[in-house]
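Chemist: Please work from the sequences and hints to get the whole structure.
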Amino acid sequence: AQAILAQAVILIRLRPSAVGGRRPGHCDEGVAMEATRSIDGISSDVTDLVTFEGCTELRRAVPLARILRSRGRVFADSSGSAATYSLSEPVLRIGVFLSHNWVVSRMLKFIALSYHFSFGLASILVLPFALLLGVATALGLLPVVDDPVGYPVGISCRMVCPLCFLVLMLFGRNILAWFGYEGPSVFLDKVCIHQEDMALKEQGIKKLGAFLAASDSMLVLYSDIYFVKLWTVYELASFLSQREISEMTVVPVRHALVFCVVLICLTITQVLQILANRFLGNTELALPVVALIMGSVVTFLVRQWHRERAAIDVRLTNFRLQDCSCFCESDRPLVYSNIANLMRSCGAVPNSVVQDQALDAFNDLVRRTMPQAFRTFLGRVPFQFKHYLAFSAVRNVTLMMDNWAQLAHGRDPRAVLADSVGLLFEALTVWWLLAAALTTLPGFHLQLTGWRSIAWCGACVVASIVPGGILLALCDEGAKRAAESDPVLAVFVAADICALIIIIICL
Numbered sequence: 009a010q011a012i013l014a015q016a017v018i019l020i021r022l023r024p025s026a027v028g029g030r031r032p033g034h035c036d037e038g039v040a041m042e043a044t045r046s047i048d049g050i051s052s053d054v055t056d057l058v059t060f061e062g063c064t065e066l067r068r069a070v071p072l073a074r075i076l077r078s079r080g081r082v083f084a085d086s087s088g089s090a091a092t093y094s095l096s097e098p099v100l101r102i103g104v105f106l107s108h109n110w111v112v113s114r115m116l117k118f119i120a121l122s123y124h125f126s127f128g129l130a131s132i133l134v135l136p137f138a139l140l141l142g143v144a145t146a147l148g149l150l151p152v153v154d155d156p157v158g159y160p161v162g163i164s165c166r167m168v169c170p171l172c173f174l175v176l177m178l179f180g181r182n183i184l185a186w187f188g189y190e191g192p193s194v195f196l197d198k199v200c201i202h203q204e205d206m207a208l209k210e211q212g213i214k215k216l217g218a219f220l221a222a223s224d225s226m227l228v229l230y231s232d233i234y235f236v237k238l239w240t241v242y243e244l245a246s247f248l249s250q251r252e253i254s255e256m257t258v259v260p261v262r263h264a265l266v267f268c269v270v271l272i273c274l275t276i277t278q279v280l281q282i283l284a285n286r287f288l289g290n291t292e293l294a295l296p297v298v299a300l301i302m303g304s305v306v307t308f309l310v311r312q313w314h315r316e317r318a319a320i321d322v323r324l325t326n327f328r329l330q331d332c333s334c335f336c337e338s339d340r341p342l343v344y345s346n347i348a349n350l351m352r353s354c355g356a357v358p359n360s361v362v363q364d365q366a367l368d369a370f371n372d373l374v375r376r377t378m379p380q381a382f383r384t385f386l387g388r389v390p391f392q393f394k395h396y397l398a399f400s401a402v403r404n405v406t407l408m409m410d411n412w413a414q415l416a417h418g419r420d421p422r423a424v425l426a427d428s429v430g431l432l433f434e435a436l437t438v439w440w441l442l443a444a445a446l447t448t449l450p451g452f453h454l455q456l457t458g459w460r461s462i463a464w465c466g467a468c469v470v471a472s473i474v475p476g477g478i479l480l481a482l483c484d485e486g487a488k489r490a491a492e493s494d495p496v497l498a499v500f501v502a503a504d505i506c507a508l509i510i511i512i513i514c515l
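For the sequence shown, the working numbering gives the first residue as 9, with consecutive numbering after it.
Wrong hints could be hidden among the right ones.
Dumping the calculated EDC-like pairs for lysine to aspartate or glutamate here, alpha-carbon to alpha-carbon at most 16 Å [as the list claims (entries may be wrong)]: (1) Lys209 with Glu65; (2) Lys214 with Asp197; (3) Lys198 with Glu61; (4) Lys209 with Asp339; (5) Lys214 with Glu61.
These are computed hints drawn from the structure, not numbers from a lab.
Modeler: Structure below.
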C-alpha cells in the first residue's frame with residue numbers, strides 16, 4: 009500500500025496536467041509535499057530531485073537579453089564566476105529551460121537563439137521601416153537606377169531591408185533591453201547554478217529535474233553530439249519523466265545558419281540584378297545565371313541539413329545511455345542513479361527493479377518516442393511556412409516598393425499598381441513554392457555521393473528554377489494585361505486578398 013501511494017503521489021506531482029486540467033508544474037506543491045513527508049524510499053529521493061522544497065532560493069533564471077549580450081559572450085566557455093551567477097535572479101517560474109552542449113560554437117548558439125526568439129520581432133519591426141523607405145522612394149527622395157522598361161526604379165528597399173531584418177533578428181532583443189524589456193526568463197546552467205561555491209553547485213546540479221519542473225517549456229539547441237553527452241541526456245530524461253513531448257522545442261543550431269545564408273544569397277541576387285540593370289542595361293541573361301549560382305549554394309547547404317536530419321534518426325534508433333561520454337567520469341554514477349529514480353517515479357519500471365533495468369527502460373523510451381518526435385519537430389523541409397514567406401518578401405515585396413519610384417518619374421499610377429499587385433501575388437504564391445521546392449528536393453537520394461550527389465543537386469536547381477521561371481513569366485504577363493484591363497486587375501486584387509487570408513489562417 010505504501011508503494012502504491014508513493015507512486016500515486018509522485019505521478020500527481022510529475023504529471024499535474026491530469027488533475028483538474030492544470031498545466032504541468034502548476035499543481036499545489038504544498039499538497040504534494042505534505043503527502044510525501046510520510047513516504048520513504050524512492051519517493052523521497054525523487055521529491056528531492058524534482059522540487060525546490062526547503063531551498064527555493066536555488067530556483068533562478070536569467071532574462072533572455074542578458075545571455076544574448078555581446079553576441080552570446082556567456083556561451084564562450086563553460087566556466088562561470090560570481091559575475092555570471094549575478095546575471096540570474098530568483099524567480100517563481102521559469103519561462104524556458106535551455107538544454108545545449110558547451111562544446112558547440114558560441115556563434116552558432118547565438119544565431120540559433122536569435123532565430124528562434126526574434127524572427128517574429130524582426131518581421132514586425134522591419135515592416136514600418138520598409139514602408140517608410142517605399143514612401144520616400146515614391147516621393148523621389150531616394151536614389152534610383154535606370155530600368156530596361158524605361159522608368160527608373162529605386163534600390164533602397166532591396167539593399168537595406170534584408171540587412172535591416174538580419175540586424176533586428178540578431179540584435180533586436182538587445183535593443184528592446186535598452187527600453188527595459190529583457191524577454192522571457194531562461195534557465196542556463198552556467199548562470200543559474202553557482203560555479204564557484206561547491207556546496208551551491210552540488211545542490212544546483214542535483215536540482216536539474218526541479219528546474220525543469222518549474223519551467224514552462226524546454227528548448228533544445230540540437231547538434232550532432234547532443235545524444236552523445238551524458239548531461240544533456242540526463243536533462244532529457246528529467247524532461248521525459250515529467251512533461252509531455254509537445255512542451256519541448258528543438259532548434260538545430262545549423263538550421264538558423266542555413267536560414268541566414270539563404271537570406272544573404274537572395275540579397276546578393278538582388279544587388280547583382282541592380283548592377284546588371286545599371287551596367288548591362290538588360291537582365292535577361294544575367295539574372296538566370298545568378299539564380300543558378302545562388303540556387304546551387306542553397307541546394308548544397310540544404311542537402312547537408314537533410315543528411316544531418318537522416319543521421320538523427322539513426323542516432324536515436326540506436327541510442328544507448330551507456331555509450332554517452334561524460335567530461336568528468338566521477339559524475340556518471342550520480343547521473344545513472346538519478347535517471348533510474350526518475351524512471352521509477354514516472355511508472356516506467358516498478359520500484360523494485362535494479363538500476364541497470366531502469367536504464368534499459370530509459371533507452372527503450374528514447375528509441376520509442378524520440379525519433380518520431382524529432383521528425384515532427386524538424387519536418388520534411390528545413391523551414392516553416394513563415395520563413396518561406398520571408399524569402400518571398402525579400403525578393404518581391406522589396407522590389408514592389410522600389411518600383412514605386414516610377415510614380416515620381418511620370419509613369420501611369422495604374423501601371424505601377426498593376427505591377428505591385430502582380431509582384432505581391434508572386435510573393436504570396438510562386439516564390440515561396442519555388443523556395444520550398446529548392447529546399448525539399450535535395451532531401452531525396454541522400455545515398456548518392458561524389459559527382460552523383462553534385463549532379464543531383466544540379467538537377468534539383470534546374471527542376472526548381474525552370475518551372476518557377478515559367479510561372480513568374482506568366483504572372484508578369486498577367487500584370488501587363490492588368491494595367492490595361494479592369495477585370496484582369498480585379499482578378500489579381502481578389503487573388504491577393506484570398507492568398508493573404510489563407511496565409512493569415514495558416515500562420
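Chemist: Flag every earlier hint the structure violates by its number, smallest first.
Modeler: Of the numbered hints, just 3 does not hold.
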